[in-house]
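The task is to assemble the complex, starting from two chains supplied on their own in separate frames and drawing on the hints.
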Amino acid sequence: MSKEYKIPTMAEMAAAEKTPEVLFWVGCAGSFDSRAQKVSVAFTKILNEAGVEFAILGKEESCTGDPARRAGNEFVFQMVALQNIETLNLYKVNKIVATCPHCFNVLKNEYPALGGNYEVMHHTQFLQSLINEGRIKLKDGGAFDGKKITYHDSCYLGRANGVYEVPRSVLQNLDNELVEMQRTKTNGLCCGAGGAQMFKENEPGKKRINTERTEEALETGAEIIAVNCPFCLTMMSDGVKAKEKQESVMVYDLAELILGKM
Amino acid sequence: MQQIIFAIVTFAAFGFAAKQFLKIRRNILLGKDKDISDNAGERWKNVLLIAFGQKKMFKRWIPAVLHLFIYVAFLFTQIELIEILVDGFFGTHRFFAEPLGALYTVAISSIELLSVGAFFATLIFLIRRNLLAIPRFQMDEMTGFPKFDGNMILVLEIILLIGVFSMNGADKVLQSMGAEHYHMTGNFAVSSWLGPALFGGMSESALIGVERFGWWLHIMTVFAFLNYLPISKHLHIMLAFPNTYFAKLQPKGEMENMPEIMNEVKSMMGLIETDPDAPMDDLPEFGSNDVMSLDWKNVLGAYTCTECGRCTSVCPANITGKKLSPRKVMMDVRDRATEIGKKLDSGDMQWVKEELKAEATTLTKENFDDGKSLFDYISNEELHACTTCNACVEACPVLINPLGIILKMRRYEILTLSAGPGDWVPMFTSIENSGSVWQLPDARDKWAEEATSKN
Chain A
1 MSKEYKIPTM AEMAAAEKTP EVLFWVGCAG SFDSRAQKVS VAFTKILNEA
51 GVEFAILGKE ESCTGDPARR AGNEFVFQMV ALQNIETLNL YKVNKIVATC
101 PHCFNVLKNE YPALGGNYEV MHHTQFLQSL INEGRIKLKD GGAFDGKKIT
151 YHDSCYLGRA NGVYEVPRSV LQNLDNELVE MQRTKTNGLC CGAGGAQMFK
201 ENEPGKKRIN TERTEEALET GAEIIAVNCP FCLTMMSDGV KAKEKQESVM
251 VYDLAELILG KM
Chain B
1 MQQIIFAIVT FAAFGFAAKQ FLKIRRNILL GKDKDISDNA GERWKNVLLI
51 AFGQKKMFKR WIPAVLHLFI YVAFLFTQIE LIEILVDGFF GTHRFFAEPL
101 GALYTVAISS IELLSVGAFF ATLIFLIRRN LLAIPRFQMD EMTGFPKFDG
151 NMILVLEIIL LIGVFSMNGA DKVLQSMGAE HYHMTGNFAV SSWLGPALFG
201 GMSESALIGV ERFGWWLHIM TVFAFLNYLP ISKHLHIMLA FPNTYFAKLQ
251 PKGEMENMPE IMNEVKSMMG LIETDPDAPM DDLPEFGSND VMSLDWKNVL
301 GAYTCTECGR CTSVCPANIT GKKLSPRKVM MDVRDRATEI GKKLDSGDMQ
351 WVKEELKAEA TTLTKENFDD GKSLFDYISN EELHACTTCN ACVEACPVLI
401 NPLGIILKMR RYEILTLSAG PGDWVPMFTS IENSGSVWQL PDARDKWAEE
451 ATSKN
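Just so you know, the sequences run in chain order A and B. Following this note's numbering, the numbering of the first sequence begins with 1 at its first residue and continues without gaps. Following this note's numbering, the numbering of the second sequence begins with 1 at its first residue and continues without gaps.
Take these hints with a grain of salt, some might be off.
Unchecked claim - Facing chain B, according to a computed beta carbon distance under 10 angstroms, are these residues of chain A, among others: (1) Gly30; (2) Ser62; (3) Cys63; (4) Asp66; (5) Gln83; (6) Leu130; (7) Ile131; (8) Glu133; (9) Asp140; (10) Leu157; (11) Arg159; (12) Ala193; (13) Pro204.
Hints are computed from structural coordinates only; laboratory data are not their basis. All C-beta atoms, glycine included, are put in the ideal place defined by N, C-alpha and C.
Pulled out of the complex, with its shape left as it was, chain B reads as follows (with noise of 0.2 angstroms):
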């Protein structure tokens, strides 16, 4: 009966999930197709030592070493998670004690004692979230949902704890008992105290009631938090990896090139011949005001990105009061990005563009228009504070680049929209002109003839 339930659930929950998933993928895959398949070498140096190794974590110690116990503890809980379903599906107990012997001791051992640590980095994080006040947890953004999710994530990794503990501590004392099914593993380093403290003097049937309610707590966790991922800033423990993967390998000062208008001014300027027949875009648009002009990459740091606000709380705009903060950058292209899923999801023919109604029979990304844009999120004064100073993109422990959005953005304003700060059409004009960003009556030159005939 239990391995029937086991099985309905479980197809369930990864059914459920995985659906949701290939949501995130399409959302993601509505930014334009970008070819980054160059230099595999070096990109998974990046996995290993930046995803794995997470060494940016460690530009700040303390949370690094909190977070590094509930990763590593993760990565290990894994094995555990894997006999569950084992165990689950086919009516077993502890499936991998036996082949694995003392091994088995020693995994279980580590899993209990990683989990000890974890326990207590989670209480100090929630603490750190809620009571201490850290400023980069407490800024305009991180109200409403982000604020629960953050919190939520905590307490679903407390629930999994009391999950493990339950079942391993109750086993081990149903273990001393000789209980049925209850083979002997072997001392596990925490259980084997906490078991008897906890549950010492209790029957076997009510034992076998906290293992068994430890079990099914532990993988219906497990199952809700998969589920809960796909709407979460958390998916981090999964995009990191290709997020990292696929970040740019260029210095940090080097802003992607427009071929299509180095073509057309270098047309201009008589440097390259070009077909005077070729058709000519009607409106040609130039930079990004929403999801479907970011390159699918920016999109993925948008869902990689876990809140953590490092990037906002060195970023000099941020720090002297503007409106800026990267963090709700990334966070309101996720947004956008999920919001257009959701439309197109719904199939409704209400957000086809205008001027393709007529022709039109479904719903798709290509003649998807709802009038809104990125820029309903974002507003010009938060793009115009941004100094391009990089402070956000070096701080990032998983290699979001919250400058690439913004600098697309302003292109859009400018080229685009042809607006922008009037403050900057003055320079405009003269590095147009006169080749200079201030427009002086000076030769280039004056001041080295002056300084050679002072001489």
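One chain only, chain A, in its complex shape (with noise of 0.2 angstroms):
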């Protein structure tokens, strides 16, 4: 790691005068949730070193409003939504990347109908960009090469928005064998936490969802599963030490993976 590690709000870049090329949205769990929290500081390292400009909102960002808007309350979403919107139109703010496909996908698909239309990508899509134009160069070895990969697709980037080959290509420049789940891409297994299941006691039932979904994974063999969405980091995390296979098994974001190729 060369360069200085920064982290700019949008406010300090108005103050400068200056316009990122991109504003990371941090989402909820980016910000407060300790295991996310590392894949945001993996993610802006990369964004550093890979001498991409970019802000975040801070104080500023909200919830997107997903979790409230598919338990049912719309009120709750329109407030957070539309306060975003101005937030984000009052910066003209252009280019945003996430990396929660929560976010990614309100910002993306349902901001527009509230006034709020931007280039939003999620930040393994952003990542196979840096990566093809060159801007991330990886090193031989790294701390996870060799080990067996196996790849969840997180419902909002994979059926709800159709990504399922960019996180895998992207997965590609690593040193790993990469290995499939029974249930893949438009088959892929929910993680259980979607549609606002991650603030709610599950409904009764012989089973929890990670709990299937994590077996799947360890089916495989693969030593690192990994998750694109850190409602996935948090459910397929558990499911592994439900196991008990927390020492032999890792589940890791796809940033924390490259970085650790940087």
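Below you can see the structure in the form of structure tokens.
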């Protein structure tokens, strides 16, 4: 790591009369969840290293409203969404990258109807473009080299938005064997967190969804479960712990895996 | 004589069926208006690829191939069916044979080969449903009428094929005997040998009996089928086409906006001017609690559903033993729409909303209230188990969207009933008050400050 590590805010950028190339949308998990914070750090380190001029909204960012809307609470959704759009439009934001596919989906697909039109990318797509443009240099030898990886499709990047190949091609840049789970891509099984399930107890049933999915991931014999979503990260990590495999199987976001190779 | 009986039966069958289909149409239109007139090109492409082309069926090869036989046989049999109608009305025999010549032999032979395929496919489907106990056909919602319905269709299919082959087989033997009216049609791929094998050596009058029996059995089964369709899951043979045409084209992840709430919040935030004298709805209802508050496209989906259960078999909630089954959601919407339709047909004024009873003269969908709703069919527990993962939407071979209905009912529960899982309340309050899903004392950018200060 050579360059000075900075995470500027849009307010600071605006004060310096600068317009960043991209706004990094951190999201609630990326801001407050201790595990997901590490992904935010990893991603911003990559952005720094790649020389991307970016900024975050910092204290001016609010929840996109995704879980409220999917739970059925349109009022709460509209309140935060309209407020976010006010802020984004004030800063004349054009391009947004999000490390959370739920934020990505709402920003990209649902804010336009409310008056917020931006080019929105998921961080796996952004990483792919940085690699393609040669802005990310991957070194030989990395912390995760040689370990078998299985990739878990998040519902909101996968089925919700049809992005299946980009994260896989990002992973192809690593020196790892990529193995697929039984249910993959369009048939990928949910981790159990979406639709505001993250914020409530499970309905009565035989099994937790994350247990079902983790068992499937473990069956591949992979040592790393790669995810692209902070909620999948929590769910899969919990699943691995429940199976007492946390010593031998790690759950990482794609950004962390790329950073390990830089 | 045969012509007169045929005409009466045909008009009765079509007339009665038309009446029932109009009721289905009425039931679908119980749903709210929704304009879906955009992107005609893309929509026709969906109809061609997904309805005609069965593209999504091929996510599962075995049923897809079996289904394809029945489907293509069904399409081709229409030629024979049209001929039966012409012959029936005008007293002709195999009207198309002469004008089409060799092409006729090819057409009927193709139908016969496809029919043999369809016959075996139907047998395998019966075995899959009843002996192999494929899990998606054995779930709670697949008992009673739905189970009977699934088998009934297959049995009708077999009866139809018996009709086709008795008719063609006996005809071939009659042709070879030089019987009057039974003109030569060339060799049919199957009945040219099946006919002699089954009916060879029978007398001419017995053969004519078999041929007429097959002919009448064929057309009567078609009429029975036509009139059974409206109460059956089998409506998909027609509704799959409009349902794929009107299917959602936006990314699956996109939820429908609620402009009425958006505008209210905008005016609260001072983003738009509102007319302070504008009349207020005294009791606004948001989301859907019944067929009338869904839109017609949701109800069309319900009548299109053929209960194949692919949605339920990929639902993460269902797989892990929760009560939710997307197929059941679709079946419930259809059953409720049918129930409302029947009550409307009765015209019974007891179903008029209490407060409108004094002034109402007829029962309409606008003043209808039987004290029930979709929540009597679909429980909160089912709605709360959904992870909105879109697996059900992805799985449906005819682009039905169970998730759209689940989300509308969640909206009703939260916005209109102010109910819902208690666990969600802190999340709502926290988003509203602090702009985050968790109520936390830390600043939103604390992570960034800490990360950069460590450097």
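Hint check results:
{"no.": "1", "hint": "Gly30", "in the structure": "holds (8 angstroms)"}
{"no.": "2", "hint": "Ser62", "in the structure": "holds (3 angstroms)"}
{"no.": "3", "hint": "Cys63", "in the structure": "holds (5 angstroms)"}
{"no.": "4", "hint": "Asp66", "in the structure": "holds (9 angstroms)"}
{"no.": "5", "hint": "Gln83", "in the structure": "holds (7 angstroms)"}
{"no.": "6", "hint": "Leu130", "in the structure": "violated (20 angstroms)"}
{"no.": "7", "hint": "Ile131", "in the structure": "violated (23 angstroms)"}
{"no.": "8", "hint": "Glu133", "in the structure": "violated (25 angstroms)"}
{"no.": "9", "hint": "Asp140", "in the structure": "violated (25 angstroms)"}
{"no.": "10", "hint": "Leu157", "in the structure": "holds (9 angstroms)"}
{"no.": "11", "hint": "Arg159", "in the structure": "holds (4 angstroms)"}
{"no.": "12", "hint": "Ala193", "in the structure": "holds (7 angstroms)"}
{"no.": "13", "hint": "Pro204", "in the structure": "holds (7 angstroms)"}
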